[in-house]
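*Asks:* Using the hints provided, position chain B relative to the given structure of chain A.
Single-letter residue listing:
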Amino acid sequence: DGGITQSPKYLFRKEGQNVTLSCEQNLNHDAMYWYRQDPGQGLRLIYYSQIVNDFQKGDIAEGYSVSREKKESFPLTVTSAQKNPTAFYLCASSMALGTEAFFGQGTRLTVV
Amino acid sequence: KQEVTQIPAALSVPEGENLVLNCSFTDSAIYNLQWFRQDPGKGLTSLLLIQSSQREQTSGRLNASLDKSSGRSTLYIAASQPGDSATYLCAGNTDKLIFGTGTRLQVFP
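Line by line, the protein sequences are chains A and B. 2 is the number that my numbering gives to position 2 of the first sequence; each next residue is one higher, with no gaps. Here my numbering runs 1000 ahead of the position in the second sequence, where the first position is 1.
One chain only, chain B, in its complex shape:
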């Protein structure tokens, strides 16, 4: 059974720092891995999708990598801003998404 773990559970940093959020999964037979952002009381916003055949994907200040053999993905956020404050969730996708418990990020001015 797929299990997804995210480290750290919470992170508080000053504005401008570069950040790395970690995601590990137990079943490497995933089709893809998806990163989401969730603001308090809101739904999930898709940030990046990495196909199982890919190594990384980039969107603006976000870069996500995938290493299927080790069961790991990282989300890199460059030059963090207060507006990046949210919970970040990763999910391994087979026929359905299996989620980690998220990393709660706070970026202070």
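With the rest of the complex left out, here is chain A:
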């Protein structure tokens, strides 16, 4: 079944800890994206990757890091430097930058 899989669905983090959110796609897409969604706000771009071993900062990259070692995987690490990490995180992919995007089901991160 083709699609984008995000895991886990829910994640709890203690203050000061780093956590990594997983995003895997089997659509053979080159481009992948991470967005953050807060209540009452639109989606904001954290990082995006055009191709393997390449990624670019989005509008709110501070406190986050990514890697793109494999075409199908684009994990996001939320570091302790991110001051307000509690949010809903969405991963997306597309054939190339600027083409139709498809989203995963999201990971809800809560800092406890």
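Do not take every clue at face value.
Below, a sample of chain A positions facing chain B; criterion: calculated Cβ distance under 8 Å [to be verified]:
no.: 1; residue: TYR33
no.: 2; residue: GLN41
no.: 3; residue: GLY42
no.: 4; residue: LEU45
no.: 5; residue: TYR48
no.: 6; residue: GLY58
no.: 7; residue: LEU90
no.: 8; residue: LEU97
no.: 9; residue: GLY98
no.: 10; residue: GLU100
no.: 11; residue: ALA101
no.: 12; residue: PHE102
no.: 13; residue: PHE103
no.: 14; residue: GLY104
no.: 15; residue: GLN105
no.: 16; residue: GLY106
Distance ranges between label pairs, derived from CB positions [what the hints assert, rightly or not]:
no.: 17; chain 1: B; residue 1: THR1094; chain 2: A; residue 2: PRO8; range: 28 to 38 Å
no.: 18; chain 1: B; residue 1: PRO1014; chain 2: A; residue 2: ILE51; range: 47 to 57 Å
no.: 19; chain 1: B; residue 1: PRO1014; chain 2: A; residue 2: ALA96; range: 35 to 45 Å
no.: 20; chain 1: B; residue 1: GLY1016; chain 2: A; residue 2: SER73; range: 41 to 51 Å
no.: 21; chain 1: B; residue 1: ASN1022; chain 2: A; residue 2: ASP38; range: 19 to 29 Å
no.: 22; chain 1: B; residue 1: THR1094; chain 2: A; residue 2: GLN41; range: 17 to 27 Å
no.: 23; chain 1: B; residue 1: THR1101; chain 2: A; residue 2: LEU27; range: 22 to 32 Å
no.: 24; chain 1: B; residue 1: GLY1060; chain 2: A; residue 2: SER7; range: 25 to 35 Å
no.: 25; chain 1: A; residue 1: GLU62; chain 2: B; residue 2: PRO1082; range: 36 to 46 Å
no.: 26; chain 1: A; residue 1: THR20; chain 2: B; residue 2: GLY1041; range: 18 to 28 Å
no.: 27; chain 1: B; residue 1: THR1101; chain 2: A; residue 2: THR110; range: 15 to 25 Å
no.: 28; chain 1: A; residue 1: LYS70; chain 2: B; residue 2: SER1053; range: 31 to 41 Å
Simulated from the structure, these hints should not be mistaken for laboratory data. Backbone N, C-alpha and C define an ideal beta-carbon position, used for all residues, glycine too.
*Replies:* What follows is chain B alone, placed relative to chain A:
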């Protein structure tokens, strides 16, 4: 910098009504515009994609139009149903998607 605005922010209608959701964007240099649906606590489902060279796209009861010169897109939902209740998001696409804040739609029986 691209900015996307959606009006109205919320809409509540009885079943059977025809609806128009509005989306405006500031940068007309988009490759395409995409409409999504989001159910509470879920990811985004792609509804329609309109290429910059197109004027409209249709899928079932949904019709989306695009006017690049005026920076506007509309999503038309015909004969609304309670199952259409969700948040609808539009996004202008250059190298990445820039989203509006959405229209929360409730269709009651």
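*Asks:* Can you give the numbers of the hints that this structure goes against, from lowest to highest?
*Replies:* none
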